[in-house]
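Which chain is which? The protein sequence lines are A and B, in order. For the first sequence, the working numbering gives the first residue as 251, with consecutive numbering after it. For the second sequence, the working numbering gives the first residue as 38, with consecutive numbering after it.
Read the hints as simulated data drawn from the structure, not as lab findings. All of these numbers come straight from a predicted model, not from anything done at the bench. Hints are not guaranteed to be accurate.
Here's a subset of chain A near chain B, in silico, CB distances under 7 angstroms, partners left out [claimed, not checked]:
no., residue
1, Ile285
2, Gly484
3, Ile552
Straight-line C-alpha distance at most 25 angstroms; calculated DSS-like pairs for lysine-lysine [claimed, not checked]:
no., chain 1, residue 1, chain 2, residue 2
4, A, Lys269, B, Lys128
5, A, Lys269, B, Lys72
6, A, Lys269, B, Lys108
7, B, Lys97, B, Lys150
8, A, Lys605, B, Lys72
9, B, Lys200, A, Lys605
Glycine included, C-beta positions come from ideal geometry on N, C-alpha and C.
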Amino acid sequence: MSHEKAKTHLQGFHAEHGKLVAFADFQMPIWYNGIISEHLAVRNSVGIFDVTHMGRVLVSGKDSERFLNYVITNDVSTLQPLSAQYSVMCNENGGIIDDFVLSKLEENRFLMVYNSANRTKNFSWLTKHAARFQVEIEDVSENMAMFAVQGPKAEQTLNEVSSRDLTEIKRFKCGWTEIAGLDVFLTRTGYTGEDGFEVFVPNTTVSKPKSAVKVWNTILGAGEKFDIEPCGLGARDTLRLEAGMCLYGNDIDEKTTPLEARIIFVVKLHKADFLGREALVKQKAEGVKRKRVGLKMLEPGIPRAGSEVLLGGRRIGNVTSGTFSPLLKIGVAMAYVEPDHAKPEETVDVKIRNKSVKAKTVRFPLYDTERYGYSRKK
Amino acid sequence: MEGMESMGMHSQSFKTLRHLDNLLNTRGEILNMVKVNDVEVPEGLYYTEDYSWVKIEGEKARVGVTDYAQKQLREIVYAELPSEGDTIKQKEPYGTVESVKAVSDLIAPLSGKIEQVNGEVSNSPELLNEDPYEKGWLLVIAPDNLDELKSIMDHAKAVEWHKSL
Numbered sequence: 251m252s253h254e255k256a257k258t259h260l261q262g263f264h265a266e267h268g269k270l271v272a273f274a275d276f277q278m279p280i281w282y283n284g285i286i287s288e289h290l291a292v293r294n295s296v297g298i299f300d301v302t303h304m305g306r307v308l309v310s311g312k313d314s315e316r317f318l319n320y321v322i323t324n325d326v327s328t329l330q331p332l333s334a335q336y337s338v339m340c341n342e343n344g345g346i347i348d349d350f351v352l353s354k355l356e357e358n359r360f361l362m363v364y365n366s367a368n369r370t371k372n373f374s375w376l377t378k379h380a381a382r383f384q385v386e387i388e389d390v391s392e393n394m395a396m397f398a399v400q401g402p403k404a405e406q407t408l409n410e411v412s413s414r415d416l417t418e419i420k421r422f423k424c425g426w427t428e429i430a431g432l433d434v435f436l437t438r439t440g441y442t443g444e445d446g447f448e449v450f451v452p453n454t455t456v457s458k459p460k461s462a463v464k465v466w467n468t469i470l471g472a473g474e475k476f477d478i479e480p481c482g483l484g485a486r487d488t489l490r491l492e493a494g495m496c497l498y499g500n501d502i503d504e505k506t507t508p509l510e511a512r513i514i515f516v517v518k519l520h521k522a523d524f525l526g527r528e529a530l531v532k533q534k535a536e537g538v539k540r541k542r543v544g545l546k547m548l549e550p551g552i553p554r555a556g557s558e559v560l561l562g563g564r565r566i567g568n569v570t571s572g573t574f575s576p577l578l579k580i581g582v583a584m585a586y587v588e589p590d591h592a593k594p595e596e597t598v599d600v601k602i603r604n605k606s607v608k609a610k611t612v613r614f615p616l617y618d619t620e621r622y623g624y625s626r627k628k
Numbered sequence: 038m039e040g041m042e043s044m045g046m047h048s049q050s051f052k053t054l055r056h057l058d059n060l061l062n063t064r065g066e067i068l069n070m071v072k073v074n075d076v077e078v079p080e081g082l083y084y085t086e087d088y089s090w091v092k093i094e095g096e097k098a099r100v101g102v103t104d105y106a107q108k109q110l111r112e113i114v115y116a117e118l119p120s121e122g123d124t125i126k127q128k129e130p131y132g133t134v135e136s137v138k139a140v141s142d143l144i145a146p147l148s149g150k151i152e153q154v155n156g157e158v159s160n161s162p163e164l165l166n167e168d169p170y171e172k173g174w175l176l177v178i179a180p181d182n183l184d185e186l187k188s189i190m191d192h193a194k195a196v197e198w199h200k201s202l
């Protein structure tokens, strides 16, 4: 694959201030100042991420709700206008095609934001299953920029430059506002475990990036008093891992079900038939063979994807994502283990380069929720 | 490499202090600092293309990782080092250093028996970022054969090689 990587509207900024890497089909910053300082900026104050590489589709038409309720696992009928939900779509075996956030813009009009690496696959999956519905699926990824503004100071940062008071938009709600004289759409969602917003700047392409750049710079300026940091994919990954959020391709894939991943809260088995339902009902009755858990290292060492999890020398599972936690200052991981060992506070070993290193199973998020995350005590 | 510069004021003033420190190395010699594209390549050391440096101290050799390597890895958060008494073999891995995202092997620049291991680096791996040529040294070895130095880069070659990176 020697084709040139796609760039976002912010390519100039990233090239000047960041270290670029190839990610999915894009050239994206892995960091600017460093993963640890960016990570801590988000946990303690505010950070801004360019997430324009993500896929965005509009689903509209008179059958849009019925169609979505058929292809995705969460219940779309409970979604009020200007509200968002986390969801997945599954194949017939209950394996996860992708995970995403679905926002209801108005009756019969939805915005789906999914993983960059799955853009082509998802679009064909959606259009393939749309045949018997009166629904329109439009990929609007290219005509939009998207930023995530995350952290306990995200609301105050955006309120500095928003035409409307954003305290009105609660978690998992959405709405329009004006930033730097431009109409932008906001969802109060994110991938860090912190409070924050995702900001959609419409009607701007990579070749006409002016309004995207203007919004980015305006938010950076507004956040200066809070020591805002531009954040790269590195911090995005460490933040989501501490929060316990899955990364598609690592922690979930077409061979993993939402039951195994323990995101069953996005699967509404009681609703009318949907893709994967039968397999999931069956799996629920029979029980799963592995479950996703958090791991905290009790000894020095950093678990990585693929590391074996052992109990008394026997392999009970594998790490699917591992990193050094910038907040906890220890190695942490997401792993799938046999269900008998998936309860918290079990001491296990993680095999790191042929050495057994002690760890314990824990619940997500990995941080103290009274001090960090969106539900922290003010 | 521009991103490296935005580490901010404290890193700049730190560099100035370190520069003064570097005027005298552990044996009290003048150690001239040469910079190639903002990467420090001090005189008096040997270098490998696996990003190691070697300083000959009488019959011993002190070993570490280069400024270029630590800048590429950025925040080093973990170092796994061998033990005193172990032997290392030129061009073979003897340990690892890890940043938040990446694991990198440490490749031996020379063969020999390990006489000292820098325990400070295991406790504070950030020393590799802060001071790769002094406080961030990794091993002192008794080299098996100093002829091996011929197969690695002297300072002049290392400067040219760093220009090509």
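Notebook entry, point to check: Any of the earlier hints contradicted here, and which numbers?
Noted result: 4, 8 and 9
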